[in-house]
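Chemist: Go ahead and model the full structure; you've got the sequences and the hints to work with.
Number of protein chains: 2
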Amino acid sequence: MTGVPSIDPRSGRTVEIVAEETTTEQVGAICSAALAAAGPLEDLGRDGRAALLDDLATALEAQRDRIVEVADRETALGTVRLNGELSRTCYQLRLFSEVLRDGGYLEVTIDRPGDTPMGPRPDLRRMLVPIGPVAVFGAGNFPLAFSVPGGDTASAIAAGSPVVLKAHHSHPATSQLCYEILAEASRKAGAPEGTFGIVHGLRAGADLVAHPAIRAVGFTGSVTGGRALLAIIEQRPEPIPFYGELSSLNPVIVTPAAVADRAERIGAEFAASFTLGAGQFCTKPGLLFVPAGADGDRLVTAIQEAIADLEPMVMLNNGIATSYQQGTSALAAAAAGASAHSQLTPGDTRDQTVSDQPARATPLLFTASAAALPPEATEECFGPVTVVARWTDEAELFAALDGLPPSLTATVHRGSGETDLPAELTHRLRSRTGRLVYDGYPTGVAVAWAQHHGGPWPATNTQHTSVGATAIRRFLRPVTWQNAPADLLPPELRDEYDSVPRRIDGVLHTRL
Amino acid sequence: MTGVPSIDPRSGRTVEIVAEETTTEQVGAICSAALAAAGPLEDLGRDGRAALLDDLATALEAQRDRIVEVADRETALGTVRLNGELSRTCYQLRLFSEVLRDGGYLEVTIDRPGDTPMGPRPDLRRMLVPIGPVAVFGAGNFPLAFSVPGGDTASAIAAGSPVVLKAHHSHPATSQLCYEILAEASRKAGAPEGTFGIVHGLRAGADLVAHPAIRAVGFTGSVTGGRALLAIIEQRPEPIPFYGELSSLNPVIVTPAAVADRAERIGAEFAASFTLGAGQFCTKPGLLFVPAGADGDRLVTAIQEAIADLEPMVMLNNGIATSYQQGTSALAAAAAGASAHSQLTPGDTRDQTVSDQPARATPLLFTASAAALPPEATEECFGPVTVVARWTDEAELFAALDGLPPSLTATVHRGSGETDLPAELTHRLRSRTGRLVYDGYPTGVAVAWAQHHGGPWPATNTQHTSVGATAIRRFLRPVTWQNAPADLLPPELRDEYDSVPRRIDGVLHTRL
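Residue numbers (UniProt numbering), protein chains in the order written: chain Y, 1 to 512; chain C, 1 to 512.
Simulated from the structure, these hints should not be mistaken for lab results. Glycine included, every Cβ here is placed at the ideal spot set by N, Cα and C. Treat the hints with care, as some may be off.
Covered stretches of chain Y, going by a simulated chain C footprint (3 or more residues, C-beta under 8 angstroms) [what the hints assert, rightly or not]:
#1 237 to 246
#2 428 to 438
Beta-carbon label-pair distances, calculated as ranges [stated by the list, open to error]:
#3 C:403 / Y:494: 25 to 33 angstroms
#4 Y:423 / C:495: 14 to 22 angstroms
#5 Y:45 / C:403: 28 to 36 angstroms
#6 Y:36 / C:54: 49 to 57 angstroms
#7 Y:494 / C:236: 43 to 51 angstroms
Modeler: As structure tokens, then:
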């Protein structure tokens, strides 16, 4: 048996052994319990699950101080940020209770029998039903918003799908604590045993994804991790959907009009965005396009000044700190070997390595020519580093944008009332992103009905979102009932039911 | 260069060489043209593409006789069936023009800026946009409804995604002809060059799926074929969505009340269903659960009588005929080696091999005990064969159902007013299918808003449908605009636009 340690990244010391790594047999039992819970969880109905989600939020809030204390000890993210994360998760749980009460997510569609040019049509009634037990892999960088509590968990439970959580090795105590709070609240709310399960350990994560009871996987992490889990799924006799939120560069483009208008302000705000949470955000802006010339120089100077006095930042764990050191060393090497094809130069004068303390990273800025961006500048580097790409004309800018990998976000800063270049940028960026941000920064991802947190590979591997109301769609699948007697239909598909939006004979009706 | 032959399955002779196999370079040029067409096709707008779809239907209908003649020569499906297929495709094209005019498929969602418990929320506006060029693989068994013309093509063009078609080797002349008709009609309608492309040959299909311009793949075919394409996709630097409709057993369960009520009628109708199109339907019922006893015997006798006089049926091609011979031989071997674990017995007295003429198959019926179904009885066998599983009590029936692979459909025949057993069957079958059919047969798949033609693996590999209005969702992806100035928004996301359904601040509004 191998113990799972909870490590304090500020000291590098193991504080406690949280649990034993979950064995294959234990994973099997947990998955079977989840499968057994699927029917009763669905039977709670939309109102029952809406109440459950509200109870889960209340239970997390009741233990807020304890949760934040443990999470801060394990992640060093600070109590302000962690309180915000917990509030966000509770807000998201309550948003999904609204989504359930609204019922539009069911996509209820009814075609009554009738004659068509193709002959008589049967009675067809379609809606979405829960997909079955979901494996949710916690993310290292969001212990409370994309982990045991978070958008994947909230949307799966809302859908009516039990959740088996894979605790992240970087915050196992936080994961275990939150799991226990959710499981107990769930029990008290009358949800079935098995609504929540948790596993610890790398092997247990692989076992989980391979288990036949698991019907979908939610994952926020690296491309490498995502590819490894996808490979396990491809080996299953029955492959299942995998929802991976993987890697994102999040380019920000500043137009000449914008930089003429507010260079210093953009520089200061951008510095705050890329260093937020020690740059450990999937939406961290990793590449900033700034026009060549004096206005652009002012913007770059503003960034340099903003980060000059920042202390080395504690990273989530030594693995991430090491990756940051490797990534920034590669950027520095590209800068040192600058040639016609690789004109990367350090943008500040400080040592470009992480601190020699464990798990700490110095914020860094590199500059390059947009005409000759080295490959290192277009790969995500987790941590407080960004590359400024200077561009001299629009053709150069457009060519550089066309060479970028897709991202979760793409941002345009424009001048007051400016439309031509922003329109062209919108056109070019839309195919490479899931969210277009104007005159702002990508790091805030509001929980809302209209949010989309996704994008073409490598941002994600599907057309779905992991934030916002439509995240629920990942854990549902359509079923059509043909000529079913009314008493065998789910309530929402019966003629007399009218409190959800329904499309009947091709016409959408809102709830009454 | 290798020529692509058009073979007459009735004679086994090559009638003509349709084209040369498409080279890798040619595939590249075709995909590039599709990519170049993506913007202009989207710019046609919803009304423009709705008109285009109507024009495509009209153009196909104008060449109906020629299309049906070529298709019948290549597939031997008969002119009645092929005329029906063409009508179905035209109906589907026109349904998607309705879908476009309605606009609900865009999932327009607007959250206006405001204060939330999480602080100020930006203006967020979400809708679906075209995914980009789509590769559509024609199916051998539906030359006009799931091939060059068909649901994948109609839904992709509706979405605004150009289509590159992979012609099926079993009907290349039909594919080429239909492609030319669609391409010409598309040109006349003002759609961009590159809206349609076509490739021939196995290698060209692999090149197509690997090409970076292709953003999604629609496929109707075997699990083996689907797995091979998925493996190519996994090797891409940027994996893309693959929509495979793969394999389906389509179980039909008859309750004791139903068999007491109408054994002979169900037997005759079932025989017509499993032999329709020589059993070459993804929705062919491959397994029929009939209660043991005299009523059930009458049903089985009715099937035997219905197929006794059927002539050997011409299959689509020699490959399918050979697979049929292998599959039915395996069923016969399982019957011959009947033991406690494998009690399969031939249900009729005729020779259980395909005719020795090329591409012909004799309709066959096997019977087995539901308590000891051999593995061969739960695998799809393409062609006019089915297995009748006799069951003695509900526990035996339920255990057998729980052991079945998921299917596109599952069907229940119940007695007049019967609810208890049908309710239990509905509960058990729903997790294993995408469409529940009552008192009917699965072979008809109506084109409608509420249709779902999909299901858990191996029926399909996603939660999507390839028939009906929501098939369009496969070729779209969401984008959210954050704090965008109105003039950079698509029309449907602007404040004043109100002719599509929109969810605003969480409340769904229908079009005015």
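Chemist: Evaluate each hint against the coordinates.
Modeler: Each hint tested on the structure:
1. 237 to 246: holds (count 4)
2. 428 to 438: holds (count 8)
3. C:403 / Y:494: 25 to 33 angstroms: holds, 32 angstroms
4. Y:423 / C:495: 14 to 22 angstroms: holds, 18 angstroms
5. Y:45 / C:403: 28 to 36 angstroms: holds, 30 angstroms
6. Y:36 / C:54: 49 to 57 angstroms: Because 51 angstroms falls inside the window, the suggested range holds.
7. Y:494 / C:236: 43 to 51 angstroms: Between residue 494 of chain Y and residue 236 of chain C, where Cβ atoms are some 45 angstroms apart, the hint holds.
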